[in-house]
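There are 2 protein chains.
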Amino acid sequence: VADLASPAAKVAVIGLGSMGYGMASSLARAGFDVVVHDVRAEVAARFVAEHAGRSRPAKSPAEAAAGAGIIVIVVVNADQTAAVLSGEGGVLERAAPGAVAISCVTMAPERARSLARDVTARGLLFLDAPISGGAQKAQEGALTVLASGAPAAFAAAEPALNAVAAKLYRLGDEPGIGASFKIINQLLAGVHIAAACEAIALARRLGLDLAKVYEVITASAGNSWMFANRVPHILEGDYAPRSAVSIFTKDLGIVADIARSESFPAPVASAALQMFLMTAAAGMAHDDDSSVARLFAKIAGLELPERKV
Amino acid sequence: VADLASPAAKVAVIGLGSMGYGMASSLARAGFDVVVHDVRAEVAARFVAEHAGRSRPAKSPAEAAAGAGIIVIVVVNADQTAAVLSGEGGVLERAAPGAVAISCVTMAPERARSLARDVTARGLLFLDAPISGGAQKAQEGALTVLASGAPAAFAAAEPALNAVAAKLYRLGDEPGIGASFKIINQLLAGVHIAAACEAIALARRLGLDLAKVYEVITASAGNSWMFANRVPHILEGDYAPRSAVSIFTKDLGIVADIARSESFPAPVASAALQMFLMTAAAGMAHDDDSSVARLFAKIAGLELPERKV
Numbered sequence: 283v284a285d286l287a288s289p290a291a292k293v294a295v296i297g298l299g300s301m302g303y304g305m306a307s308s309l310a311r312a313g314f315d316v317v318v319h320d321v322r323a324e325v326a327a328r329f330v331a332e333h334a335g336r337s338r339p340a341k342s343p344a345e346a347a348a349g350a351g352i353i354v355i356v357v358v359n360a361d362q363t364a365a366v367l368s369g370e371g372g373v374l375e376r377a378a379p380g381a382v383a384i385s386c387v388t389m390a391p392e393r394a395r396s397l398a399r400d401v402t403a404r405g406l407l408f409l410d411a412p413i414s415g416g417a418q419k420a421q422e423g424a425l426t427v428l429a430s431g432a433p434a435a436f437a438a439a440e441p442a443l444n445a446v447a448a449k450l451y452r453l454g455d456e457p458g459i460g461a462s463f464k465i466i467n468q469l470l471a472g473v474h475i476a477a478a479c480e481a482i483a484l485a486r487r488l489g490l491d492l493a494k495v496y497e498v499i500t501a502s503a504g505n506s507w508m509f510a511n512r513v514p515h516i517l518e519g520d521y522a523p524r525s526a527v528s529i530f531t532k533d534l535g536i537v538a539d540i541a542r543s544e545s546f547p548a549p550v551a552s553a554a555l556q557m558f559l560m561t562a563a564a565g566m567a568h569d570d571d572s573s574v575a576r577l578f579a580k581i582a583g584l585e586l587p588e589r590k591v
Numbered sequence: 283v284a285d286l287a288s289p290a291a292k293v294a295v296i297g298l299g300s301m302g303y304g305m306a307s308s309l310a311r312a313g314f315d316v317v318v319h320d321v322r323a324e325v326a327a328r329f330v331a332e333h334a335g336r337s338r339p340a341k342s343p344a345e346a347a348a349g350a351g352i353i354v355i356v357v358v359n360a361d362q363t364a365a366v367l368s369g370e371g372g373v374l375e376r377a378a379p380g381a382v383a384i385s386c387v388t389m390a391p392e393r394a395r396s397l398a399r400d401v402t403a404r405g406l407l408f409l410d411a412p413i414s415g416g417a418q419k420a421q422e423g424a425l426t427v428l429a430s431g432a433p434a435a436f437a438a439a440e441p442a443l444n445a446v447a448a449k450l451y452r453l454g455d456e457p458g459i460g461a462s463f464k465i466i467n468q469l470l471a472g473v474h475i476a477a478a479c480e481a482i483a484l485a486r487r488l489g490l491d492l493a494k495v496y497e498v499i500t501a502s503a504g505n506s507w508m509f510a511n512r513v514p515h516i517l518e519g520d521y522a523p524r525s526a527v528s529i530f531t532k533d534l535g536i537v538a539d540i541a542r543s544e545s546f547p548a549p550v551a552s553a554a555l556q557m558f559l560m561t562a563a564a565g566m567a568h569d570d571d572s573s574v575a576r577l578f579a580k581i582a583g584l585e586l587p588e589r590k591v
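First to last, the sequence lines map onto chains A and B. Residues 283 to 591 (this note's numbering) are what the first sequence spells out, left to right. Residues 283 to 591 (this note's numbering) are what the second sequence spells out, left to right.
Derived from the structure by calculation, the hints contain no laboratory data. It is possible that some hints are incorrect.
Some residues of chain A that are not near chain B, with every Cβ distance over 12 Å (derived) [unchecked claim]:
| id | residue |
| --- | --- |
| 1 | Arg336 |
| 2 | Asp400 |
| 3 | Asn467 |
| 4 | Lys494 |
| 5 | Ser502 |
| 6 | Gly535 |
| 7 | Ala562 |
Listed next, the in silico EDC-like pairs over lysine to aspartate or glutamate satisfying Cα-Cα at most 16 Å (straight line) [as the list claims (entries may be wrong)]:
| id | chain 1 | residue 1 | chain 2 | residue 2 |
| --- | --- | --- | --- | --- |
| 8 | A | Lys532 | A | Asp569 |
| 9 | B | Lys341 | B | Glu370 |
| 10 | A | Lys494 | A | Asp455 |
| 11 | B | Lys494 | A | Asp455 |
| 12 | B | Lys449 | A | Glu497 |
| 13 | A | Lys590 | A | Glu518 |
| 14 | A | Lys494 | B | Asp520 |
| 15 | A | Lys341 | A | Asp361 |
| 16 | B | Lys590 | B | Glu497 |
| 17 | A | Lys449 | B | Glu497 |
| 18 | B | Lys341 | B | Glu375 |
| 19 | A | Lys449 | A | Glu422 |
Quick caveat, the model's predicted, so the values are computed rather than measured. Beta carbons: idealized from backbone N, C-alpha and C, even for Gly.
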């Protein structure tokens, strides 16, 4: 896909968390020359060691962006994305006109539109492209991308998107639409995790066989993608973070902010947000998001399965 | 399966709502002699007309149960089930010892255990057997049955269960376990419907293409069985009740009662219950449970799709 002689063949990836690291790996595997930046220099060094000859580290977003046709930003939140773009040593200091900035962070649609204005004012293209699927799919190049933006931004971004995504949704020509779809997904995903934990904890209190509950519910109308995916963590007593509680205090926080700014009620999402906040307050912010079940156990003196060593 | 000369070949079905009517139809199709009772005599008459030669009406639960080996009770709630069994003209007045009462209503596990004590004290068998799947699966004989009870009760009930169920879960030897599993399923199902309606309403407020939201979410981690099943009703503007709001004010009410009686918190289910109560309070108790989306529309002045005539 990529022409190694063209500027598009050089891709900058800024942010090497579990998602960014996997995406950068998929891009290197697809033949791109990948320049990586992370505030943790040792993580960038590890990536470069793993992809020798296909990658190099950059000391700043500006250095990473210099000469890159595609700039992928996979940091934690909207504020970090803004700093990566417009802060000191940011992308906009040195990115070439015509390059595309692909913004992958979950954020309010208004923030995505605002970032797009900053970027396009400097002659760059902007794609609002939140991602879904988790760390393993990022590593496999099999993410779902919920993207919106100008046709030129899509055209410029496409070679990189093809390398990281199994499913690419083109949701509209304006930035902010991709962000909105992601927010709706996160509302549901967060509620479903909290509900799964509440249901499993109550089932434990009622003395039910939890493995049987998993079998019955996943074959019944009470099932959700998240129930099927997260409850095994509880059954195994394994709360190592595949996706942390802090992701949902952030994302359901965005849902709550948007709903309030639209004068729109979101009572079920708000109840779920409170459960993630309680779980974080109880010291589990960086544990797996299925830890909401452990919060119930802690509060009510339940015994949930413990991890087999 | 059924031996028409044996008492097991005669099955009583008490309660011809959308679930009971379908189950009675499946039993008639399977070759049973089906005696039906409903407080609405005209519904029983319609059933008998549709299944001439295979069915007859009874004026009371007692009359229906007389001579039946299997008595299926599919009324609205635990109080009605108790009245059908032990009230004036109830099943226990005339049912033969050794017959099995199959209790299909969603109720608190303690109520199921209490009914079982009443029934077994009279020499009958009792199976705690809540059902799931909706009216269409009832009609097709393809329900899911979440059953618990004594092995003798299972043995006696099995011919009828085979005729009504695609999946029969044997969850334990004690009544109350089936009820508990059903309650956990209803907690999740109710939360997922309320969340789906909240998400779709917020998506509408954000100006998203709702058909596209359906496409994206059903392929993403935010999906649930209920989202996939109920959101098409909203997209079609069709709130004719496949399952009514009043079912979930009842079932999430049971969840809330059980949680409180166990001194156990259920914050997400409680938020969902309030949404169904608000929808019922707004005059939609007997409409489809996806009407929670119409509540949001009514409150916030949204336009949701209207039914094409």
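Checklist entry - Beyond 12 Å from every Cβ of chain B: is that where the Cβ of Asp400(A) lies? => result 22 Å, holds
Next on the checklist: Hint check: Lys341(B) vs Glu370(B), CA-CA at most 16 Å. Holds or violated?
Outcome noted: Judged against 16 Å, a Cα distance of about 12 Å means the pair holds.
Checklist entry - For Ser502(A), is the shortest beta carbon distance to chain B beyond 12 Å? => result 5 Å, violated
Checklist entry - Within 16 Å, alpha carbon to alpha carbon, are Lys449(B) and Glu497(A)? => result Cα-Cα ~12 Å, so holds.
Next on the checklist: For Lys494(A), is the shortest CB-to-CB distance to chain B above 12 Å, so the non-interface label stands?
Outcome noted: 7 Å, violated
Next on the checklist: Please check whether the beta-carbon of Arg336(A) is more than 12 Å away from every beta-carbon in chain B.
Outcome noted: Label holds. Min Cβ-Cβ 30 Å, cutoff 12 Å.
Checklist entry - Is the hinted pair Lys449(A) and Glu422(A) satisfied, with a Cα-Cα distance of at most 16 Å? => result 13 Å, holds
Next on the checklist: Hinted pair, alpha-carbon criterion (16 Å max): Lys449(A), Glu497(B). Please report holds or violated.
Outcome noted: Cα-Cα ~12 Å, so holds.
Checklist entry - Taken at face value, is the distance from the CA of Glu375(B) to the CA of Lys341(B) at most 16 Å? => result Answer holds: Lys341(B) to Glu375(B) is near 14 Å, not above 16 Å.
Item to check | Least C-beta distance between Ala562(A) and chain B, which was stated to exceed 12 Å | outcome: 15 Å, holds
Checklist entry - Are Lys494(A) and Asp520(B) close enough, with their CA atoms no more than 16 Å apart? => result Violated, at about 36 Å.
Next on the checklist: Run the distance test for Lys494(B) versus Asp455(A): straight-line Cα separation, threshold 16 Å.
Outcome noted: 14 Å, holds
Checked against the numbered hints given earlier, this structure breaks hints 3, 4, 5, 10, 14, 15 and 16; the rest are met.
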